[in-house]
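Engineer: If you're matching them up, the sequences are chains A and B in order. Quick note: the first sequence uses the working numbering, first residue 1, plus one each step. Quick note: the second sequence uses the working numbering, first residue 1, plus one each step.
Calculated cross-link-like contacts (lysine-lysine; reagent style DSBU-like; alpha-carbon spacing at most 30 Å):
no. : chain 1 : residue 1 : chain 2 : residue 2
1   : B       : 38        : A       : 101
2   : A       : 125       : B       : 38
3   : B       : 38        : B       : 2
Note that these hints are calculated values from the structure, not bench results.
Residue-level listing of the chains:
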Amino acid sequence: MTDLDGTLIALSDPTRRGVIDLLRRKPRRAGELSAALEMSPAAMSRHLRVLRTHGLVEEDHAGPDARVRIYRLRREPFRELRKWLDDVESARGPRTFEVGKVTLWDPPRRLELEWRGVNFKPGEKTSVEVTFTESASGTLVTVRHRGWSSLPEDHPVRHGLVGPAFSRMIGLWWGQLMTSLREHVETRR
Amino acid sequence: MKPTPSGWPRVSPALYYQDAAQAIDWLCRAFGFEVRLKVEGDGGRIEHSELVFGEGLIMVGESEKRERFPYRRSPREVGGFNTQNLMLYVDDVEAHCRRAREAGAKIVSEPSTDDYGEEYWSDRGYECEDVGGHHWWFYQRLRDPKPKA
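Can you build the whole structure from these sequences, using the hints too?
Structural biologist: As C-alpha cells, this is what we get:
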C-alpha cells in the first residue's frame, strides 16, 4: 500500500473528514473532537487511530499535562495528494494554453492570429490567417497557416516529417478541425 | 447495416486528375459541385478534398506518378480509357448540359429521353467527358413508374 492509498482510505469517512476540518484551524484534544462531532470518546478514538496510522494526524504530548493528547494535522499527506491531483488535471483535465495573440480581427471578413504548438520554445511562432467569404450555399472559410520555414527541420512539431509530407499532415489536421466546426455549425442551424 | 458517419454517403468515389486544383474549380463551374473541404499542401498541391452535389460526395486527388500510388491515374494519362462511369440525377438536365458544354465538357451523347413505357420510368440524360477524361452521366427523372395498384 502506498502512502496515497492510506491517505485516501483515511479520508473515506465523513467523521474523519470532519476531524480534518476541525484540525485545519488549530490542534485539539480528543475530547474536544468527540464533543464537536457529537460522538463517544471510544468511537472518536477509533477514528483517530485510523488517521494516525495513515499519517494524517500526529499526537502531541508536549502540553502542560502529559496525559492529555493533543492532535494536529500533518501536511505531507495533503501535499502528496495535491501533487497527484495536479498530475491528473494536467494530463486530462481542463488547462489553459495560449496558442497566440489575435493580431487582427476585422469582422466579418478576416481573422489573424499567432499560432504556437505546445512544444514550441519561447519566441517560436507561426501565423494563421482566416478569411470568410460568401459562397452560393453559405460561407467559404479559408485558413492559411504560414511561417513553418522559421522552425528548424528537426522541430518536434514536425513529428519527423519534412517538406510536403509535413504540409500534408498539418493540412489534414486543419481539415479535421474545420470539418468538426462545420458539423458543429450544422447542428446549431 | 450501421449508419455511415455524418456527412458521408454509403459510396464516395475518389477521382484522380493531373492537376487536381484546376479540376476542382472546373467541376464546380461545369457541373455545379461545391467544395466542402479542400486541403492544400506545398505549392497548392491538393492533399485531400471533398466535393458535394446534393447528397452526393466525391473526393478529388492528384494522380501520382512518382509516389506511393502509381495506379492512381486520370483517364487522360491512360489513353482515355475509363473503367467506370459516374451517374448523377439533376433537376434540369438541359440547363446542366448547357453549363457543362460552356465550361468545355466534351458532350459524348447529347441529351435524349429514355421512355420505358407507362409501367416503367422515363429519364432524360446526356453523357460527357470532363477535363481529366472521366465520363459522367447526368439524368433527370421525367416520370416515375406508375404505382402498382
